[in-house]
Amino acid sequence: MFELRKDIFADERDDNLKEIGQPTQRQDMLGHVTGTSTYYDDHRIAGLLHLKVLRSPHAHARIRSIDDAAAARAPGVKRIIRAADVPVNLNTLLSLIQFGKDDEPSLANDIVRYKGEPILGIVATSERAAIEALGLVRVSYDQLPAVFDVEEALKPGAPSVNATYPKNTFEYHGKYDHQKLRYGDVEAGFAQADVVLEERYQMSPIEHAPVETNGSIAVPDTNGRFVVYTSTQALFFSLDTAAKINAVPSNQLHFIGGTVGGGFGGKVDTMTEPLVILAARLTGAPVRYRFSRHEEMQFGAPRGAERIYVKDGVMRDGRIVARKVRAYFDSGAYTRLSSYAVVKCVAHIPGPYTIPNAHADVYCVFTNRTPATAMRGFGVTALDFALECQMDKLAVAIGMDPIEFRILNAYRDGDMKAHRREAKNCALIECAQVAAEKANWPLREQFRRMSSRIGGGADRTAAGVDRSRAPTPAAPARTAAAAPQRVAYERPAPPAPTPPPARGAPPPPPSPPAGSTHGAPRFSSVFGTRRR
Amino acid sequence: MSVNVKTFARLADAASALANERGARFMGGGTVLMRLINDTNPAVETVVRSTDQSLLHLAVSSGRIELGSGVTMAAVLAERDLAFLHAAARAVGGPAIREAATVGGNLFARTPYGDFATALLALDATVTLAVGLGQRELPLEEFLDRRERGTSLVSAVAFKRPAAEAFRFLKVTRVHPRGVSVLSIAAQLPLASGRITGARIAFGGMNRTPVRAKAAERALEGRALDAAGIAPALAVAAEGTAPADDAIASAWWRREILPVHLRRLLIGPGQA
Amino acid sequence: MKTPVQFRLNGEDVAAFAESGANLLDVLREVVGDLSVKGGCWQGSCGACTVLIDGAPRLSCLTLAESIAGRSIETAAGLRRGAELHPLQIAFMERFAAQCGYCTSGMLMAAKALLDRNPSPTREDVVEALGGNICRCTGYEPIIQAVLDAASGDRRRRA
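Residue numbers (this note's numbering), protein chains in the order written: chain A, 1 to 532; chain B, 1 to 272; chain C, 1 to 159.
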C-alpha cells in the first residue's frame with residue numbers, strides 16, 4: 001500500500017532518515033480509542049448557561065425593528081445580547097495581519113446580508129430554554145433585492161451586498177478590484193497556437209460537515225480572565241479575534257483547544273468564541289455556545305463556490321504556449337478568508353506547468369450567500385480541478401496521450417514560473433511516470449526517460465513530435481488550427497503582438513517591493529514574499 | 001419547558017391520553033419523535049408511551065401475518081419466516097436505527113423515510129388503531145391518506161402472506177452502503193398461468209406519503225412479466241406521483257428514474 | 001420536571017435524574033459524566049453516539065433516557081479492562097483507524113455489537129455494521145480493516 005520510491009532523486013537526498021518512512025503512532029491515538037481525548041465540550045462545568053442566536057430568515061433585508069420583550073421574560077432566560085452589546089461589532093478575520101477591512105458584524109445591527117446571519121443572542125439556563133425564547137422574538141424586516149451569482153453581482157445595478165465593499169469586490173493593494181497575474185504575452189501566444197480552447201468550470205459550495213459541530217465554552221476565572229474551551233482549528237487566531245471583538249487585552253483570555261473533532265478548514269472562522277465570551281462577561285457565568293447540526297450544515301461557512309474560465313493555446317507538438325484564467329470566487333456576504341483564497345489561486349496559476357505566457361484576473365466577489373471559508377487547499381483545489389479537466393481536453397484536442405502531455409509541460413528544475421520564481425525540487429514528471437507504471441499505462445520511451453532535473457529529458461519542442469502512435473482527435477469542436485478562436489470576454493488584442501519569449505529567456509523578475517506595509521513576514525503567502 | 005412524558009402500561013390508557021392531551025404524540029422507538037424533541041420543536045408538548053406487551057406481538061402463519069406496531073426492524077430481520085420483508089426492513093437506517101425503529105413508527109415517517117410502510121402498502125396491509133377501549137381496522141392506504149390530520153395510535157398491522165417469490169422491494173439511494181431513499185418501490189406480483197393478476201405496486205419518496213401506483217397496476221393486469229408485458233406499466237409509472245425537489249434529488253430526476261428502477265425490479269437490469 | 005432512572009453502565013449501577021424528555025446521550029454526558037459518548041447530530045444521522053443497550057447497538061441521542069430503566073448500557077469508556085485494551089482498540093490503533101477521534105467511540109461500539117454477535121464477520125458484514133456511522137477524516141478503509149483484524153485476532157487467541 002505505502003511505498004517509498006527512494007530510487008528517485010537518491011543522489012539529492014541524505015537518506016539517513018530516522019522518522020520518514022517509519023511508522024509512528026499518533027500521540028493522541030490512545031485517548032481516541034479509549035474515549036478519553038478531551039474535546040472542547042468534554043468539561044463538566046457547574047452552573048453552565050447556554051447561548052443560542054436568532055438567525056435571519058432572509059438573504060438580504062433591512063431590520064426595521066426587534067421586539068425581544070417577551071423573550072426576556074421567558075423561563076430560564078438570563079440575558080439577551082443585542083448588536084449594541086458587542087464592543088467591536090465589525091471585524092474581518094485577516095485584520096490580524098492587516099489584510100482587508102473590517103466588514104462583518106458579530107450581530108447584525110441594521111441589515112442582514114445572508115440567510116442565517118446572527119441578529120441577537122439569548123443566554124438561558126438550557127439550550128432548550130434559549131431556543132424557546134428565540135421563538136418569542138419578533139423581528140420586522142424590509143426585504144432587499146439579493147444577488148446569488150458572482151457574475152450577476154458585478155453587473156451595473158446589482159444589489160450592493162457588503163457595506164465595506166459596495167462594489168461587491170474585495171479590494172487588493174488598496175485599489176484593485178481583483179488580483180492579477182501577467183507573464184509574457186498571452187495574446188501573442190494565442191496567435192501562435194495551433195489550437196485554442198476555452199472552457200468554463202463551476203464549483204459548488206461544500207460543507208466540511210465535521211462530526212463535532214463548532215462550539216466553545218467561556219468560563220469566568222477568579223483573576224478576571226476567561227478560560228475558553230474551543231473547537232477552533234486556529235487557537236491563537238481565534239484568541240486574537242475574540243479579544244478584538246470584545247475589546248479586551250488578549251492576556252485576559254486563556255484559550256484551551258487542540259483536540260478538534262474534525263475541522264478541514266471549517267473551524268477557523270471563530271464563529272462562536274467572541275459571543276460566548278461576551279455572554280460570560282455579561283452574565284458572570286460560564287456559557288456554552290454549540291452549533292446544532294442544522295446550524296453547522298446550513299450556516300457554518302462552506303468551501304466557496306468558484307467559477308473559472310480557462311483559455312489555453314497549445315501547439316500540435318504538445319507545448320502549451322498560453323494560458324489565460326479569469327475566475328470569480330464567491331465569498332458570500334463577508335470576506336472571511338476568500339480574499340486570501342484568491343491570492344493562493346493566482347499564485348498557483350498556471351498550475352504545475354511551464355507556460356511562457358500566462359495571464360490571470362481573479363475576483364473575490366460578495367453575494368448574499370453564506371460566507372465561505374477555508375477548506376483543504378481552498379483557492380487551489382478548484383483551480384486544479386479546472387486546469388486538469390482542461391489538460392485532458394487539450395490532450396484530446398491535439399491527439400496526445402494525456403499523461404505524456406502533462407510530462408511534456410511539467411515544471412522542471414530551473415524553469416521560471418509565471419510568478420517569477422525559479423522552479424526547484426520538481427517531481428511531477430516522476431510522479432506521472434510512476435502513476436502510469438502502476439496503472440499499466442503505456443508511455444513512450446522518450447517520456448519514460450524525461451526527468452524533472454535541469455535539462456532533464458529532451459527539449460520540449462523536440463520531444464512531442466513523434467506522435468505516430470497517438471490517436472487522431474475526433475474532430476474536437478473547438479479546434480481552430482488556422483485561426484485561433486476568439487472569445488467574447490477578451491479585451492482587444494494589443495495592436496502589434498510581440499512574439500512569445502523564447503524558452504530560457506523569461507521576462508525579468510520584478511524588482512522587490514521597496515517596503516512592505518502589510519506585515520508580510522507574519523503571513524508571507526498572502527503577499528507572495530517568502531522567508532528563505 | 002421540558003417535554004411531558006407519560007408512560008402507560010395499558011394501550012387503551014395511552015390511546016385515551018393521546019386523544020385528550022394538547023400537543024401529544026405517541027412514541028414508538030423514538031427515531032422520528034426524538035429528533036423533534038432534540039430540536040425543541042414546539043409541536044411536541046407531551047409524549048405518550050406504552051409498555052403494553054401487545055405492541056410487540058408478532059404472529060406468522062401460512063396465511064396471515066400480524067405485526068404489533070412496536071415490533072422493530074431488527075425483530076423483523078431476526079424472523080426467518082419474514083424473509084420476503086428483510087430487504088424493506090434493512091432499508092431503514094443503519095443497524096442501530098433498526099434496533100429502535102418500529103413498524104408503527106414507519107407509518108408516520110415522512111418522506112424520505114417510510115420505506116417499510118411502502119412495502120406494507122404493496123402488501124395490502126390493514127392498520128389497527130387503538131380507539132378508546134376498542135380497536136378499529138382500516139386499509140393502510142386510507143390511513144396514510146389521513147395521517148397528517150389528527151393523532152392516532154396504531155396498535156398493529158396485518159396482511160396476507162404473499163405467494164412465494166411474488167413480493168419484491170427496491171430502495172434507490174445515492175449513498176452506499178447506507179443513505180436515505182431517493183425513492184423506493186415495492187411490488188406484489190401474483191402470477192396465474194404466467195400472467196400477472198392483482199398486482200400491487202407502491203412507491204416511497206414520490207409523494208408526501210407512500211402511494212399505490214394504480215395506473216401501473218392496471219397496466220400489468222393479465223400481462224406477462226417480460227419486457228413487452230411490462231412496457232405499458234412503465235409508460236404510466238409516474239402517473240399520480242408528486243415528488244419533491246429536495247436536497248436528495250429533484251422531482252424531475254425522481255420521475256425520470258422511476259420507470260428505470262421499476263423495470264429493474266420487475267424483470268431485472270439485464271432485460272431492457 | 002426530572003425523572004429518576006436507574007440502569008447499569010459498563011457493569012456498574014447508576015441512578016440519575018433525567019430531565020423529562022431528555023435523550024440518553026445528554027444524560028450519559030451531562031448527568032452521569034460518561035464523556036466517552038459523543039454527540040454529532042442529535043438526529044440519528046452520524047452514529048457518533050452509538051452505545052450498546054442490552055448488547056444491541058443503539059443511538060443514544062434518539063433514545064428517551066427514561067426508557068432504559070433497568071437496562072444494561074455499554075459505552076467506549078467501558079471497553080478496556082483496567083490497563084488491558086479491547087482487541088478492537090488495539091486494532092484501531094495499529095490500523096490508524098482514527099484521525100480526529102470524534103467518531104471513534106461510536107465506531108468502536110458499532111463494531112463491538114457486530115463482533116459480540118458474529119465473531120467471524122465478512123468484509124460485507126463489517127461494512128453493513130458500520131453503515132450508520134460517519135467518519136469525515138480517515139476514509140472508512142482503515143476502520144473496516146481494523147474491525148477485521150480484531151475479529152481474526154480474536155479467532156487466533158481462541159484457537
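None of these hints come from the bench; they were simulated from the model. Remember, it's a predicted structure, so these values are computed and weren't measured experimentally. Cβ atoms here follow ideal geometry from the backbone N, Cα and C, with glycine treated the same way. Be careful, since some hints might not be right.
[To be verified] Under 8 Å between C-beta atoms, here's a sample of chain A residues computed to sit facing chain B:
(1) P75
(2) K78
(3) E132
(4) G135
(5) L136
[Said to hold, decoys possible] Far from chain C by the CB rule (all over 12 Å, computed), these chain A residues:
(6) Y39
(7) R44
(8) E127
(9) E199
(10) V211
(11) N223
(12) T259
(13) A423
(14) A427
(15) E437
(16) R444
### Task
Against chain C, does R44/A hold up as non-interface, every C-beta pair farther apart than 12 Å?
Violated, since 6 Å does not exceed 12 Å.
### When the least beta-carbon distance from G135/A to chain B is tested against 8 Å, hint result
Interface hint status for G135/A: holds (6 Å vs cutoff 8 Å).
### Task
Decide, holds or violated, for the assertion that all CB atoms of chain C are farther than 12 Å from the CB of N223/A.
The claim stands: N223/A keeps its Cβ more than 12 Å from every Cβ of chain C (closest is about 27 Å).
### Status of the hint placing K78/A at chain B (closest C-beta pair under 8 Å)
It is violated, given that the least Cβ distance between K78/A and chain B is near 16 Å, above 8 Å.
### Query
Taking C-beta pairs only, is V211/A more than 12 Å away from all of chain C?
The assertion about V211/A is violated, with a minimum of 4 Å to chain C.
#### Entry: Beyond 12 Å from every chain C Cβ - status for E437/A
Per Cβ check, E437/A is outside 12 Å of chain C; nearest 23 Å; holds.
### Task
Double-check P75/A for me: the hint is only fine if its C-beta lies closer than 8 Å to a C-beta in chain B.
With a closest approach of 7 Å, the P75/A hint holds.
### Message
So A423/A supposedly isn't at the interface. Is its beta-carbon more than 12 Å from every beta-carbon in chain C?
### Response
holds, 32 Å
### T259/A remote from chain C - nearest C-beta pair above 12 Å
violated, 7 Å
### Query
Is the Cβ of A427/A more than 12 Å away from each Cβ in chain C?
Since the minimum Cβ distance to chain C is about 24 Å, A427/A lies beyond 12 Å and the statement holds.
### Query
Looking at E199/A again, its CB stays over 12 Å from all of chain C?
holds, 30 Å
### Query
Taking the minimum C-beta separation from R444/A to chain C, is that value above 12 Å?
holds, 34 Å
The structure fails to meet hints 2, 5, 6, 7, 8, 10 and 12 from the earlier list, while all remaining hints are met.
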